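**Student:** Below, each chain spelled out in residue letters.
Number of protein chains: 2
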Amino acid sequence: MEKTISTAVIKRLPRYYRHIQDLEKAGVFRISSKDLANKLGLTASQIRQDLNCFGGFGQQGYGYNVTNLKEQLAEILGIDKSKTAVLIGVGNIGKALMKNFDFEGSGFKLLAGFDTNPDVIGREFEGVRVLDGHEMKAFMQKNKPDIAILTIPRHIAAVVAKDVVDSGVRGIWNFTNVDLHIENVPIEHVHLSDSLMTLCYNVE
Amino acid sequence: MEKTISTAVIKRLPRYYRHIQDLEKAGVFRISSKDLANKLGLTASQIRQDLNCFGGFGQQGYGYNVTNLKEQLAEILGIDKSKTAVLIGVGNIGKALMKNFDFEGSGFKLLAGFDTNPDVIGREFEGVRVLDGHEMKAFMQKNKPDIAILTIPRHIAAVVAKDVVDSGVRGIWNFTNVDLHIENVPIEHVHLSDSLMTLCYNVE
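Protein chains in written order, with this note's numbering: chain A, 1 to 204; chain B, 1001 to 1204.
Hints in this document: simulated from the structure, not taken from any laboratory.
Straight line, CA to CA, 27 Å or less: simulated BS3-like cross-link-like pairs of lysine-lysine:
#1 B:K1039 with A:K11
#2 B:K1011 with A:K11
#3 A:K34 with A:K70
#4 B:K1162 with A:K25
#5 B:K1011 with A:K39
#6 A:K142 with A:K162
#7 A:K25 with A:K81
#8 B:K1070 with B:K1011
#9 A:K83 with A:K142
#10 B:K1039 with A:K162
#11 B:K1083 with B:K1099
#12 A:K144 with A:K81
#13 A:K109 with A:K144
#14 B:K1025 with B:K1011
#15 B:K1162 with B:K1081
#16 B:K1099 with B:K1081
#17 B:K1099 with A:K99
#18 A:K109 with A:K137
#19 A:K81 with A:K109
#20 A:K70 with A:K25
#21 A:K39 with B:K1162
#22 B:K1034 with B:K1070
#23 A:K137 with A:K99
#24 A:K11 with A:K109
#25 B:K1025 with B:K1039
#26 B:K1034 with A:K162
#27 A:K162 with B:K1025
#28 A:K34 with B:K1162
#29 A:K137 with A:K162
As the structure is a computational prediction, the values presented were derived from the model and not from experiment.
Work the whole structure out from these sequences, hints included.
**Tutor:** In structure tokens form, the structure reads like this:
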């Protein structure tokens, strides 16, 4: 798959996927780019353009077959392959993710959580165990997770990020509110405070 | 304040604010747009352009006074005014936010949480009480919160969003993973699964 698609297009793909998934669950069999556009608050031509980056999957006068489009999007996103993840830092946000978040729905199998707090070490959330942070290196060497989820305090963010990348992790889902930059390692930042400040601006 | 600034600029303001805050905490007194750009992975001219939308605050040859820029950004974002918020749905994510999230740092005072589960009603997190969902309407009428934070299951997202807007809320911070649209009501979506799927694409 060519990787020269613009970031803006890539950022829209999960949204398409989510909506197409909802349509499939609702028993919808096919949808026109116009109806899909209405649902998403986009234009039909933008949707066609976006999907054409990957070869298009619609048919003139028919629209998109929902199940087919869902599978194609899953393949493009790579979420049909079940990559693996570890979560580092089982505090409140880490716990909330372990208990509630549908990792498999986003293409990942969560292998383990790590923390140094004896109160959580050994506990299990949704069948996933919290291990001692000191076992992390050995675990990573053995299990080679694709990504690490960082739900640790911000003052250790940079150090732990370097550690996990040195251990072979190829991507980071970053909840630390620190803008991490590591060469050749894709990082997705979840900056909750940025989101709330943007809302603050907009409700003024 | 004119509200015709592009969304892209507005989305960058919280990042500027965060970095400037860090600089201030680190004891930095002034910074050039070039150094700020390096820290942020942007260009100096982009930063100058962005800040010029609001009148600029730098001085040729001097750069930016850190404390001054921080205060200006806080004012632009409106986080110096302490708006008010209620959180609806005190499950794991709701609890994680109540326990950990620095609302005041993003311009909001959290007034209360609401849930219908007797196990959490009456509990307090960081001094904020969880009230019975049935008291919500009366509470909203009396306290007039500026925004509602929706950390409820997705199948009730649309109904509750309508309820809170009918009760006078002027903005929504949406964690439900449903793309809500309500006319004239700014909504900030936190789509964690979109973020993880984007990472999934990028680590392929």
